[in-house]
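Chemist: Residue numbers (the working numbering), protein chains in the order written: chain A, 11 to 268; chain B, 53 to 437.
In case anyone wonders, no lab produced these hints; they're calculated from the structure. Any given hint could be a false lead.
With a straight-line Cα cutoff of 25 Å, these simulated DMTMM-like cross-link-like pairs (lysine to aspartate or glutamate) come out [what the hints assert, rightly or not]:
{"#": "1", "chain 1": "B", "residue 1": "Lys170", "chain 2": "B", "residue 2": "Asp188"}
{"#": "2", "chain 1": "A", "residue 1": "Lys154", "chain 2": "A", "residue 2": "Asp66"}
{"#": "3", "chain 1": "B", "residue 1": "Lys355", "chain 2": "B", "residue 2": "Asp198"}
{"#": "4", "chain 1": "B", "residue 1": "Lys355", "chain 2": "A", "residue 2": "Glu159"}
{"#": "5", "chain 1": "A", "residue 1": "Lys91", "chain 2": "B", "residue 2": "Asp346"}
{"#": "6", "chain 1": "B", "residue 1": "Lys290", "chain 2": "B", "residue 2": "Asp125"}
{"#": "7", "chain 1": "A", "residue 1": "Lys261", "chain 2": "B", "residue 2": "Glu316"}
{"#": "8", "chain 1": "B", "residue 1": "Lys302", "chain 2": "B", "residue 2": "Glu316"}
{"#": "9", "chain 1": "B", "residue 1": "Lys154", "chain 2": "A", "residue 2": "Glu40"}
{"#": "10", "chain 1": "A", "residue 1": "Lys154", "chain 2": "A", "residue 2": "Glu55"}
{"#": "11", "chain 1": "A", "residue 1": "Lys169", "chain 2": "B", "residue 2": "Asp346"}
{"#": "12", "chain 1": "A", "residue 1": "Lys261", "chain 2": "A", "residue 2": "Asp113"}
{"#": "13", "chain 1": "A", "residue 1": "Lys129", "chain 2": "A", "residue 2": "Asp113"}
{"#": "14", "chain 1": "A", "residue 1": "Lys169", "chain 2": "B", "residue 2": "Asp363"}
{"#": "15", "chain 1": "A", "residue 1": "Lys91", "chain 2": "B", "residue 2": "Asp341"}
{"#": "16", "chain 1": "A", "residue 1": "Lys169", "chain 2": "B", "residue 2": "Glu164"}
{"#": "17", "chain 1": "B", "residue 1": "Lys355", "chain 2": "A", "residue 2": "Glu224"}
{"#": "18", "chain 1": "A", "residue 1": "Lys169", "chain 2": "B", "residue 2": "Glu340"}
{"#": "19", "chain 1": "B", "residue 1": "Lys355", "chain 2": "A", "residue 2": "Glu40"}
A partial selection of chain A residues facing chain B, derived with a Cβ cut-off under 8 Å [what the hints assert, rightly or not]:
{"#": "20", "residue": "Val191"}
{"#": "21", "residue": "Gln192"}
{"#": "22", "residue": "Glu224"}
Beta carbons: idealized from backbone N, C-alpha and C, even for Gly.
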Amino acid sequence: MTARPRPRLAVWKFASCDGCQLSLLDCEDELLAVAGAVEIANFPEASSAISDGPYDLSLVEGSVTTAHDAERILEVRKQSKFLVTIGACATAGGIQALRNFADVGEFISAVYARPDYIKTLATSTPISAHVPVDLELRGCPIDKGQLIEVLSAILAGRKPNIAAYSVCIECKRRNTVCVMVQGTPCLGPATHAGCGAICPSFRRGCYGCFGPMETPNTAALAHEWELLGASPQEIVRSFRSFNCAAEAFRKESEAHGI
Amino acid sequence: MQDTMTAGSKAVLSSDALQALIVALARQGYTVLGPRVRDGAIVYDEIASSGDLPAGFRDRQDAGRYGLEPREDGAFFGYAAGPQSWKRFLHPPAQTLWSAQKTPDGFTISREEVSVPKLAFLGVRACDLDAIAIQDRVFCEGPYRDEAYATRRANVFIVAVNCSQAGGTCFCVSMQSGPKADTGFDLSLTELLDGTQHRFLAEVGSEAGAALLAELPHEPTTGAHLAAADAIIDNTAKQMGRHLDTDGLKELLQASLSHPRWEEVARRCLSCGNCTMVCPTCFCTTVEDHTSLDGFSATHVKKWDSCFTLDFSYVHGGAVRTSGAARYRQWMTHKLASWIDQFGTPGCVGCGRCITWCPTGIDITEEAAAIRASQCVKEESDGGA
Numbered sequence: 011m012t013a014r015p016r017p018r019l020a021v022w023k024f025a026s027c028d029g030c031q032l033s034l035l036d037c038e039d040e041l042l043a044v045a046g047a048v049e050i051a052n053f054p055e056a057s058s059a060i061s062d063g064p065y066d067l068s069l070v071e072g073s074v075t076t077a078h079d080a081e082r083i084l085e086v087r088k089q090s091k092f093l094v095t096i097g098a099c100a101t102a103g104g105i106q107a108l109r110n111f112a113d114v115g116e117f118i119s120a121v122y123a124r125p126d127y128i129k130t131l132a133t134s135t136p137i138s139a140h141v142p143v144d145l146e147l148r149g150c151p152i153d154k155g156q157l158i159e160v161l162s163a164i165l166a167g168r169k170p171n172i173a174a175y176s177v178c179i180e181c182k183r184r185n186t187v188c189v190m191v192q193g194t195p196c197l198g199p200a201t202h203a204g205c206g207a208i209c210p211s212f213r214r215g216c217y218g219c220f221g222p223m224e225t226p227n228t229a230a231l232a233h234e235w236e237l238l239g240a241s242p243q244e245i246v247r248s249f250r251s252f253n254c255a256a257e258a259f260r261k262e263s264e265a266h267g268i
Numbered sequence: 053m054q055d056t057m058t059a060g061s062k063a064v065l066s067s068d069a070l071q072a073l074i075v076a077l078a079r080q081g082y083t084v085l086g087p088r089v090r091d092g093a094i095v096y097d098e099i100a101s102s103g104d105l106p107a108g109f110r111d112r113q114d115a116g117r118y119g120l121e122p123r124e125d126g127a128f129f130g131y132a133a134g135p136q137s138w139k140r141f142l143h144p145p146a147q148t149l150w151s152a153q154k155t156p157d158g159f160t161i162s163r164e165e166v167s168v169p170k171l172a173f174l175g176v177r178a179c180d181l182d183a184i185a186i187q188d189r190v191f192c193e194g195p196y197r198d199e200a201y202a203t204r205r206a207n208v209f210i211v212a213v214n215c216s217q218a219g220g221t222c223f224c225v226s227m228q229s230g231p232k233a234d235t236g237f238d239l240s241l242t243e244l245l246d247g248t249q250h251r252f253l254a255e256v257g258s259e260a261g262a263a264l265l266a267e268l269p270h271e272p273t274t275g276a277h278l279a280a281a282d283a284i285i286d287n288t289a290k291q292m293g294r295h296l297d298t299d300g301l302k303e304l305l306q307a308s309l310s311h312p313r314w315e316e317v318a319r320r321c322l323s324c325g326n327c328t329m330v331c332p333t334c335f336c337t338t339v340e341d342h343t344s345l346d347g348f349s350a351t352h353v354k355k356w357d358s359c360f361t362l363d364f365s366y367v368h369g370g371a372v373r374t375s376g377a378a379r380y381r382q383w384m385t386h387k388l389a390s391w392i393d394q395f396g397t398p399g400c401v402g403c404g405r406c407i408t409w410c411p412t413g414i415d416i417t418e419e420a421a422a423i424r425a426s427q428c429v430k431e432e433s434d435g436g437a
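Make the full structure from the sequences, and use the hints.
Modeler: Structure follows, in structure tokens:
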């Protein structure tokens, strides 16, 4: 068994904040086990020793926002046996997909002293808009327990246990009292599980970091938010954050007239 | 009097005896779980003394709404069903069933030891007693007995409390599960508050309950105590926040599988699964296999699942219940109809949790009534034609 070559891992960065790939380095207790189980062949954030592909597993962080990146992801795909996107940017376009709702040219002229230096696309798009993706890991940032689960599953050749149901199920399993029923608007009922229902355990509504759950009824949830006193602007802003370009959240954010 | 305590025996306790009760249970090695205020709700959690009980609070419940309000009378048990039932202590949300270890010539499997704390449940309402009885049937009486559940269950001491007020979403009277606890307890209490005196009428339900009551300072009952307790229960029965007409309901629902109401409720249903998680009888679980990074060990874990998830009905090729309408119909018709075919009773005890804790306030009694109303209209028009 020890004679078997270790699978080769690569970690790629596109438009992102690095938080998700840092989750891998943040796996303090498991990091040695990860390093023992895979050959970390290409992970510039961790090591300057970079080996050429092909790779058995690529973890891709970030969204595609430039023509250069739109080319680069094609090459990453070619070099990778398994391609797993990590986080809201790679999976939904990230917070930078707010540009999809506006005129990126206006942003550039307002922000940069020399707009002509900036070459960017009009939209921020998820990796799956460019190449086939084997698995998408949600979250802003991802949950390191889920990352370890995916790595363990791929190494064992089994299906990873990544549930696509609501945050509510995690809330109830951990015995958190529902904040929404107590009057605090919460995105949990429409949001993909995975974080372990952190925010409601601190008496805050869910921010939707993990994006839409498998069968999101955002219209019914938004209606309930209205009954709890949320303004249309609050509803739009809540759906339009890290996962604003995820289909269900985008549509709901556009349904409130702002 | 101590010598003659048997099931059905009654005695009167002072409110101070509640502390003695908690101490006596702890002395017998029980971890005492009871109501206490946490996060703006009355939850069931470990308690150390009667000072932990939610005296001074009452709950206000409606469809999709819950809140606490102050109360002046000092009642310890002046509230209705809590956010979650006792289910989580008997049927935990996650349990490792077994683990496996790779060896040089294969692998070994070790069964997970079931931790069996002696638990005392203080303040179990009649609806929840009925729910525990239902889960007993589900887990212990079928061909595949759940030994872990049975072992936990055998170690539980139950102090029931008869409800002195109904919640806004309660309908135990409709389900014939309350408000009085008739069976399934070791000891039951009715809280008697008459402005000047704060007492409990205690009733013995088992030998263990008789022995415990004998240890506590108590007085004989009088006719006035019994009449006061009866009046409290009668009054609670009249306060039910909800009503469910169960007459012919099983046949009605099973004949209404294509009813347009399922599509209508699906527009409000979030498929979040909250109703199933808070339901004291919902028992469904899934299992997950986990493996270590080095490939040398694995665990097999059982977790609460919900019929509102897609994976729940996943069979080869896809999920069977892909629409919200199909998922809600599955849940409601199981609770109120096919559960009867399966286990002999409905799977609903009228605790109202699914109504209170539904984020959009979907009300099972309202949904059943809507289907019944449309059927009545249909029958009338059929009759007139």
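Chemist: Each hint: holds or not?
Modeler: Here's how the hints hold up against the structure:
1. Lys170/B x Asp188/B: Given that 25 Å is the threshold and the Cα spacing comes to 17 Å, the pair holds.
2. Lys154/A x Asp66/A: holds (20 Å)
3. Lys355/B x Asp198/B: Between Lys355/B and Asp198/B the Cα gap is close to 14 Å, so the pair holds against 25 Å.
4. Lys355/B x Glu159/A: holds (16 Å)
5. Lys91/A x Asp346/B: holds (20 Å)
6. Lys290/B x Asp125/B: holds (21 Å)
7. Lys261/A x Glu316/B: holds (21 Å)
8. Lys302/B x Glu316/B: holds (20 Å)
9. Lys154/B x Glu40/A: holds (19 Å)
10. Lys154/A x Glu55/A: holds (17 Å)
11. Lys169/A x Asp346/B: holds (17 Å)
12. Lys261/A x Asp113/A: holds (18 Å)
13. Lys129/A x Asp113/A: holds (14 Å)
14. Lys169/A x Asp363/B: Cα-Cα ~13 Å, so holds.
15. Lys91/A x Asp341/B: holds (24 Å)
16. Lys169/A x Glu164/B: holds (23 Å)
17. Lys355/B x Glu224/A: With Cα atoms ~19 Å apart, Lys355/B and Glu224/A stay inside 25 Å; holds.
18. Lys169/A x Glu340/B: Holds - the C-alpha atoms of Glu340/B and Lys169/A are around 10 Å apart, at most 25 Å.
19. Lys355/B x Glu40/A: holds (24 Å)
20. Val191: holds (5 Å)
21. Gln192: holds (5 Å)
22. Glu224: OK, holds: Glu224/A within 8 Å of chain B, min 5 Å.
The structure meets every hint from the earlier list without exception.
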